[in-house]
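Student: Taking the hints into account, I'd like the entire structure generated from these sequences.
Just so we're aligned: 243 in this note's numbering is position 166 of the sequence shown, and the numbers increase by one with no gaps anywhere.
Source of the hints: derived by calculation from the structure; they are not laboratory data.
If you're wondering where the values come from, they're calculated on a predicted model, not measured in any experiment.
Among the hints, erroneous ones may be present.
Capping the alpha-carbon separation at 20 angstroms, the derived lysine to aspartate or glutamate pairs in EDC-like fashion look like this [stated by the list, open to error]: (1) K190 with E214; (2) K229 with E130; (3) K190 with E161; (4) K149 with E130; (5) K223 with E94; (6) K229 with E214; (7) K229 with E202; (8) K229 with D90; (9) K150 with E170; (10) K190 with D162; (11) K150 with E130; (12) K190 with D216; (13) K223 with D90; (14) K190 with E170; (15) K223 with E202.
FRET-style restraints, in silico, Cβ to Cβ [unchecked claim]: (16) S224 with Q102: 18 to 24 angstroms; (17) A238 with A139: 36 to 42 angstroms; (18) E214 with G101: 24 to 30 angstroms; (19) Q102 with R168: 29 to 35 angstroms; (20) E201 with R91: 16 to 22 angstroms; (21) D90 with K223: 14 to 20 angstroms; (22) T154 with Q102: 17 to 23 angstroms; (23) G218 with E146: 35 to 41 angstroms; (24) C160 with A227: 27 to 33 angstroms.
Yeah, the Cβ is synthetic: ideal placement off N, Cα and C, and Gly gets one too.
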Amino acid sequence: MFPDAEGLRPTPDRVRETLFNWLGQTLDGKRCLDLFAGSGALGFEAVSRGAAEVVMVENNRAAFRALQENCKKLACTNVALRCEDGLEFARRESGRYDVIFLDPPFQSSYLPKVLSLLADRLTEEGLVYVETGAVFEPDTGLQVVKSDRAGKVFYQLLRQAQREPK
Numbered sequence: 078m079f080p081d082a083e084g085l086r087p088t089p090d091r092v093r094e095t096l097f098n099w100l101g102q103t104l105d106g107k108r109c110l111d112l113f114a115g116s117g118a119l120g121f122e123a124v125s126r127g128a129a130e131v132v133m134v135e136n137n138r139a140a141f142r143a144l145q146e147n148c149k150k151l152a153c154t155n156v157a158l159r160c161e162d163g164l165e166f167a168r169r170e171s172g173r174y175d176v177i178f179l180d181p182p183f184q185s186s187y188l189p190k191v192l193s194l195l196a197d198r199l200t201e202e203g204l205v206y207v208e209t210g211a212v213f214e215p216d217t218g219l220q221v222v223k224s225d226r227a228g229k230v231f232y233q234l235l236r237q238a239q240r241e242p243k
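Tutor: See the structure below:
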C-alpha cells in the first residue's frame with residue numbers, strides 16, 4: 078500500500094522493466110541508494126534482484142511510514158530507511174554505491190544539485206538512474222549510457238565520464 082501523497086509518482090512498470098534490463102537481471106552483492114524513494118518501487122525491486130544493501134531516503138512522512146510497513150511485510154533485512162530530505166542526505170553521505178536511483182519531484186531543482194554531491198559516491202563501475210519530466214543533460218562529470226522516454230517520463234542511466242589518460 079502506498080499513500081496518496083502530493084508528487085508521489087511510482088515508476089511505471091514498463092520503465093522499471095527497461096531499467097532493470099539495462100542494469101542486468103541480477104544485482105547480486107550490489108549496494109544501492111534509492112534517494113527520493115517515494116513508493117520504494119525501485120529499491121524493493123533492487124532487493125528482489127539480490128542487492129546486498131539498499132538505502133531508501135524519503136522525506137514525506139506518510140510515504141516513509143508506508144515504506145516501513147512494506148519493508149516489514151517483505152521481511153527486508155538488507156534495507157536501511159531514512160526519513161529526511163534527499164538533498165540533506167546527499168550533502169552528508171559518505172558511503173559508496175554501485176547503483177543510485179534518483180527520481181526527485183519533477184518540479185524541483187534538486188537533480189543537478191544532488192548529482193554534483195553524489196557523483197563521487199559511485200563505485201568505479203557505478204551507475205545512476207535518473208527519472209525526470211523533461212530532457213536532462215548532466216554536467217557533473219557524468220555521461221549518459223542509455224536513455225528513453227515513456228509518455229511524460231524521461232529516464233536515463235548515467236556513469237562517470239571516462240577520463241583521458243595523462
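Student: Now tell me, hint by hint, if it's right for this structure.
Tutor: Results for each hint:
Of the supplied pair hints, the one linking K190 and E214 holds, its CA atoms being roughly 13 angstroms apart against a limit of 20 angstroms. Note on K229 and E130: the hinted pairing is violated, with a Cα-Cα distance of about 31 angstroms set against a maximum of 20 angstroms. A hinted pair counts as satisfied when its Cα atoms are at most 20 angstroms apart, and K190 with E161 qualifies at roughly 16 angstroms. Restraint check for K149 and E130: satisfied, since their Cα atoms lie roughly 15 angstroms apart, inside the 20 angstroms limit.
Among the hinted pairs, K223 with E94 is consistent with the structure: their alpha-carbon atoms are about 14 angstroms apart, no more than 20 angstroms. Between the alpha carbons of K229 and E214 the distance comes to roughly 16 angstroms, so the proposed pair stays at or under 20 angstroms and holds. This hinted pair does not check out: K229 and E202 have alpha carbons roughly 29 angstroms apart, beyond 20 angstroms. Taking the CA atoms of K229 and D90, the gap is near 14 angstroms; set against the 20 angstroms cutoff, the hint holds.
Between K150 and E170, the direct Cα distance comes to roughly 28 angstroms. Violation of the 20 angstroms bound is thereby established for this hinted pair. Proposed proximity of K190 and D162 is supported: the alpha carbons are some 13 angstroms apart, at most 20 angstroms. A distance of roughly 17 angstroms separates the Cα atoms of K150 and E130; the hinted pair therefore holds under the 20 angstroms criterion. For the suggested pair K190 and D216, the alpha carbons sit about 10 angstroms apart, so the restraint of at most 20 angstroms is met.
Restraint check: the Cα-Cα separation between K223 and D90 comes to about 18 angstroms, which is no more than 20 angstroms; the hinted pair holds. The straight-line distance between the Cα atoms of K190 and E170 is roughly 14 angstroms, inside the 20 angstroms bound, and the hint therefore holds. For the proposed pair K223 and E202, the alpha carbon gap of about 15 angstroms is at most 20 angstroms, so the pair holds. In this structure, S224 and Q102 meet the distance hint of 18 to 24 angstroms, their C-beta atoms being roughly 20 angstroms apart.
Checking the proposed 36 to 42 angstroms range against A238 and A139 shows it holds: the Cβ atoms sit about 38 angstroms from each other. Separated by about 26 angstroms at the C-beta atoms, E214 and G101 satisfy the suggested range of 24 to 30 angstroms. Checked against the hint of 29 to 35 angstroms, the pair Q102 and R168 passes, with Cβ atoms roughly 34 angstroms apart. Under the hint 16 to 22 angstroms, the C-beta atoms of E201 and R91, about 30 angstroms apart, miss the expected range.
At about 18 angstroms, the CB distance of D90 to K223 agrees with the hint of 14 to 20 angstroms. Take T154 and Q102: their Cβ atoms lie about 22 angstroms apart, and the range 17 to 23 angstroms holds. With their beta carbons about 38 angstroms apart, G218 and E146 fall inside the hinted range of 35 to 41 angstroms. For the hinted restraint 27 to 33 angstroms between C160 and A227, the CB-CB distance of approximately 29 angstroms keeps it satisfied.
Hints 2, 7, 9 and 20 from the earlier list are contradicted by this structure; the remaining hints agree with it.
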